[in-house]
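Chains as they are written, first to last, in the UniProt record's numbering: chain G, 1 to 354; chain R, 1 to 354.
Since the hints were derived computationally from the structure, they do not count as laboratory data.
Take every hint as true, because none was put in to throw you off.
DSS-like mimics (lysine-lysine), calculated; alpha carbons at most 27 angstroms apart, straight line:
id	chain 1	residue 1	chain 2	residue 2
1	R	K149	G	K17
2	G	K133	G	K17
3	R	K12	G	K149
4	R	K149	G	K77
Protein chains: 2
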Amino acid sequence: METTMQNISIEKTEKTKIDQVDFDNLAFGSVFTDHMLVCDYRNGAWEVPQIMPYQAISLEPSAKIFHYGQSIFEGMKAYKDADEKIWLFRPLENHKRLNISAKRMAIPELPEEFFMDGLKQLIKLDENWIPKKEGSALYIRPFIFATGKGFHASPADEYKFIICLAPSGPYFSGKVKVLIEEKYSRSANGGVGFAKAGGNYAGQFFPTQLAVKKGYQQVIWTDDHNHEFIEEAGAMNIFVRINDTLITAPISDRILDGITRKSILPIAEDEGITTEVRKITVGEVVEAAKNGSLKEMFGAGTAAVISPIATFGYREVDYDLPELESSFASRLKKRIIDIQYNRAEDLFGWRHGV
Amino acid sequence: METTMQNISIEKTEKTKIDQVDFDNLAFGSVFTDHMLVCDYRNGAWEVPQIMPYQAISLEPSAKIFHYGQSIFEGMKAYKDADEKIWLFRPLENHKRLNISAKRMAIPELPEEFFMDGLKQLIKLDENWIPKKEGSALYIRPFIFATGKGFHASPADEYKFIICLAPSGPYFSGKVKVLIEEKYSRSANGGVGFAKAGGNYAGQFFPTQLAVKKGYQQVIWTDDHNHEFIEEAGAMNIFVRINDTLITAPISDRILDGITRKSILPIAEDEGITTEVRKITVGEVVEAAKNGSLKEMFGAGTAAVISPIATFGYREVDYDLPELESSFASRLKKRIIDIQYNRAEDLFGWRHGV
Ligand SMILES: Cc1ncc(COP(=O)(O)O)c(C=O)c1O
Ligand SMILES: Cc1ncc(COP(=O)(O)O)c(C=O)c1O
Chain G
1 METTMQNISI EKTEKTKIDQ VDFDNLAFGS VFTDHMLVCD YRNGAWEVPQ
51 IMPYQAISLE PSAKIFHYGQ SIFEGMKAYK DADEKIWLFR PLENHKRLNI
101 SAKRMAIPEL PEEFFMDGLK QLIKLDENWI PKKEGSALYI RPFIFATGKG
151 FHASPADEYK FIICLAPSGP YFSGKVKVLI EEKYSRSANG GVGFAKAGGN
201 YAGQFFPTQL AVKKGYQQVI WTDDHNHEFI EEAGAMNIFV RINDTLITAP
251 ISDRILDGIT RKSILPIAED EGITTEVRKI TVGEVVEAAK NGSLKEMFGA
301 GTAAVISPIA TFGYREVDYD LPELESSFAS RLKKRIIDIQ YNRAEDLFGW
351 RHGV
Chain R
1 METTMQNISI EKTEKTKIDQ VDFDNLAFGS VFTDHMLVCD YRNGAWEVPQ
51 IMPYQAISLE PSAKIFHYGQ SIFEGMKAYK DADEKIWLFR PLENHKRLNI
101 SAKRMAIPEL PEEFFMDGLK QLIKLDENWI PKKEGSALYI RPFIFATGKG
151 FHASPADEYK FIICLAPSGP YFSGKVKVLI EEKYSRSANG GVGFAKAGGN
201 YAGQFFPTQL AVKKGYQQVI WTDDHNHEFI EEAGAMNIFV RINDTLITAP
251 ISDRILDGIT RKSILPIAED EGITTEVRKI TVGEVVEAAK NGSLKEMFGA
301 GTAAVISPIA TFGYREVDYD LPELESSFAS RLKKRIIDIQ YNRAEDLFGW
351 RHGV
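Isolated chain G (complex conformation) (with noise of 0.2 angstroms):
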């Protein structure tokens, strides 16, 4: 045990994993680093974090994250530069998302320090997993979930911060088809579609599965009124290229406010690309991609990155979308991820070293 300045205790593991890990060939999500960070809340105060040998955690049958859905996750990732200096993007943004998901979900705020102090110094202890393949990257999951007990359909009053860490490869393979739905719904007005809550996901795992069936990778969420409106994705928020602009959805409570949508809007004014946040309605992109003036869409999002769309269906009927030699979809991956390797100027102040 170790005590470091901000007073993190780090227990390290006996033997490292690294070895047993195929770095070539990683899924999404399914490896996970040698150590783990875990903060408790209890008595009213969020503890020290420890950092920890990745183990398994025990948990009354009563722990209301079974029964309540009380809980709520982030996702990051940190890169590698050629320097082998270590990067995140944008962090603060994450922290603030989730106590803005915390509050939401009556789960306690959680001070800035514990995530920044304790985020870098896992990384740190961990970075040799951080892959370096092109297109993969060490995914880093925060996350909050209840521990208090009791069958009450109330806020716990114990909680447990934790980091996991999981060198991942791209979140989709091959070519993106979308469903457009038209039944299902992901959020309701004045709801928790803007927290990253758990029950948001589970709520989408359904439709989804239809829409795979159908075969399609994933839906794209309308608003749950007239299903007039085209919202996000699964996991991403949506552009739309009509002719030369770029467009995206305002962000509601309805919508997840994602750090790469707000990335990718001033990148592309910096590209000189016209950009319009409003509403898009699922009768102008049917009707654009009749047109032809349908140039692109693309999910946004931080486990996708940049994922364009091949074809979008609606109604039974296909869209395919062309394919352009020069997109803006490639353009604006490009200028983000040069951002994320430190492989271009910083213009706009949200790399952060670890």
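Position chain R with the ligands against the provided structure of chain G, taking the given hints into account.
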């Protein structure tokens, strides 16, 4: 280890904790019996359940329950009659609903015999824990959650079904004051509101806390579109009596199909009470409160049984309900409790011996 006919293995506790329990002062769902039932889903099938001492569960931090909210539950009660015979109330309905929730949350459905046999054997083993005090009961909590691992937002490949038992006192203490909610919502059209999914409850905690700060115990949810229709409360369906008609909202994909609610309707009819199942507008309830035709409002659910509402708040105004000599609520509550405790004829075949 004994093995029963149904092949459910039973490992008994070495020492009961029952002596530590104050059965005269039970809170709701905070004391647990000596045993629990555990059943694992692995390799595409539910394995035979096991009964074992109530104990902690060990899970990897990457178990999907922590990340994607894949969890569902049920709430039931066991009752003891004057002859110490044990009864359940419509348990097959709980099993059916568990599987309806399972399907929507992409959780594998559970065979009826695992649910029913497991439940009965567990209750028999812990039958001394069934409280005898009027208003107390053995609360039963069957639940399923995702134990399968990984950070890919997709259904887990492994699950646990558990039943825990909690001798419990009343859910509410004192007069129930509710607030009709106009900003936050519980569920979306096409969402998961009809499922007893964990995330539906966590999403209610923050708005409920705000209501509690204003002096209410519960929120009455309205539709997420215009907040025009009264839907249900945190863990209760809602009934409104205007003059001599008892009205409750129709179930939908936003509202839980409560077993208490659907038992009250035929009992009310048998009592000669006119019932209506139709949309209830907030406007008509407020209007009825003002003109004196609103006689009663009550919540109905397994935990809360029938809980008369003393006051509802709407747009900063509190409306008190009259105190009636002989209310529908008390008549219906007596009828339903008498069936549950085997003190009255079981007209509808709802009682189920253990
Ligand atoms: C529902 C949802 N939308 C959008 C995103 C994209 O957000 P970000 O770019 O911050 O990863 C995510 C990502 O994790 C998500 O879960
Ligand atoms: C959201 C919600 N509505 C209504 C009810 C009432 O259902 P039941 O009568 O089956 O207990 C519950 C109960 O558990 C509930 O969680």
